[in-house]
Every structure is written in structure tokens, then in C-alpha cells.
Amino acid sequence: MENFIRLFLFLFFLIPVMPYNSAHHCVVEVENFLFVLGGEDQWNPNGKHSTNFVSRYDPRFNSWIQLPPMQERRASFYACRLDKHLYVIGGRNETGYLSSVECYNLETNEWRYVSSLPQPLAAHAGAVHNGKIYISGGVHNGEYVPWLYCYDPVMDVWARKQDMNTKRAIHTLAVMNDRLYAIGGNHLKGFSHLDVMLVECYDPKGDQWNILQTPILEGRSGPGCAVLDDSIYLVGGYSWSMGAYKSSTICYCPEKGTWTELEGDVAEPLAGPACATVILPACVPYNK
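All letters in the sequence shown, in the order written, are residues -23 to -1, 1 to 265 by mature numbering (1 follows the signal peptide of the UniProt record, and there is no 0).
Since the hints were made in silico from the structure, they are not lab data. One or more hints might be untrue.
[Claimed, not checked] Under the rule of at most 27 Å between Cα atoms (straight-line distance), these lysine-lysine pairs were calculated in the DSSO-like manner:
1. 233 - 182
2. 233 - 144
3. 61 - 182
4. 61 - 109
5. 182 - 144
6. 25 - 61
7. 138 - 61
8. 144 - 109
9. 138 - 166
In this text the structure is predicted, and so the values were computed from the model without any measurement.
Please work from the sequences and hints to get the whole structure.
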């Protein structure tokens, strides 16, 4: 597995850079294409630099193309693929926190609005399970929340589910073996940011959260997250306890309940990346 990851990272350096700088954006894999959506080209707490750009990467030709933009600028939001659509949910821009949800038809290349979140949210996490979209935590009007919402695209309705045990934002939500895992992030105590070390596991059938015995190795806010084989990978992120951006990748195996740190780092310490898994050709064409 580690040899595979090293090969992936090596090939990554041959991939042309994205058409624009971005952080706190989203990336979604669709039939081995990468869709990169929104984000911000420089940090601003008021979302003044958020974008509505959408680009797609084609590994066959090692190239990027621009797609129709979202109807609203968004950073610190959640995006996913469900059936023949992409969904972008919440986030923030120059108008404040967003509750709006947009749906992109992959066949017609058109955006439309669907039912909004019950509350405006940013810096939340999300995951898709059994045809529904789950949104956990985040920041609502400056307050960290433990909320969990579930969206049914057939009925176009949102339902409130059991809250997490901990308030958290800028975290990750990953699906494995019919469970949702809330990992990382931070919360506020007074005016201080504290890393959330507890890992929580959600059972959609029982609508119940459990705190796992194995906490995260170290604080990670705003890491990239990807699921590959039987493990959940967190790339980069910010540790509030260390006061440092991270360049390492840590891996959690739910079956074993163990954390490991992989050998090798990304090129620079960073927070706010987005991750997805794709299969690259044996020989990637080089495009400047």
C-alpha cells in the first residue's frame, strides 16, 4: 500500500496545476474524473475571496477544462456525487454563512437549487451513504455545533438526526462498513481553539453516535480526507496544540482500530486541501 501511495505522489507532480489557486474547496471523483469546485484563492474570514469556479481533470489526457460555475460563490462547504448529480451544500461567501444547496446535472451541465439546509452552515463535513447525504458539525453564525442532518434527494427534504457527542468544525466525515466516522477538527473554549481528539462513529440504522476508544494521533483541522481500501487517510491539516501546519499523512483502519503515520510527506505543510482517489494511467502524458 505504501509503495502505491509513493507512486501516486510521484505521478502527482507530473499533473498540471489547477487553473486557479484554491483552498477550502471541494473535490469529487466521478467515473475517474476529478471535479474541483469553489474555494477561495486567498484567506479572508468574511469570505470575500470565495469563488464559484468548477473545473474537471481528465487523467487520460492529463488536462483540465472549465465547467459551468456554481450559482453562488462558496468556500468551506461540502460537495459530493449522488447518482447523476453533484451537490454543493452550505459554506460561506461575502454575504455570510450559507444554507443554500445547489445540484449539478452531469448530463445536461446545468445547476439548479434544491431544498436548503435548515440552518446556515460553514466548515461542516459530509458523506454519502445509502443514497442519502449526511452533514455533520460546522459553524453556525459563529458558533460551533454538533448537529447532524440527513438529506433525501428523492423527497428533497432534510431531517435532523442525533447530535454528535462533541461540537466540531473543519473536520472530516468518512463512510466505511455502513458507519460514518467523524474525525479531527476543532472547537472553541472561550476564545481558544482546541483540537478535537475524539473519534466518533455513527450508526445510521440506530441513529446513534459512539465515541471510539482510539483517539486521533494528533490534532488535525482542515485536513484532506480520502477512503482507500480498508482505511481512512488524512492529509495535512492544522494542529492547534502544536500551532503548526502538517505535511504528514495519517491513516485510520476501523477494522483494527489503529492509527499509523505514513512515510513521506506532501511537498509543503498545509491546511484546507481536498482529496479524492483516482486511477492514473501507467504513463501520464506530460502537459506544461
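Which numbered hints turn out to be false for this structure? Of the numbered hints given earlier, the structure breaks just one, which is hint 6.
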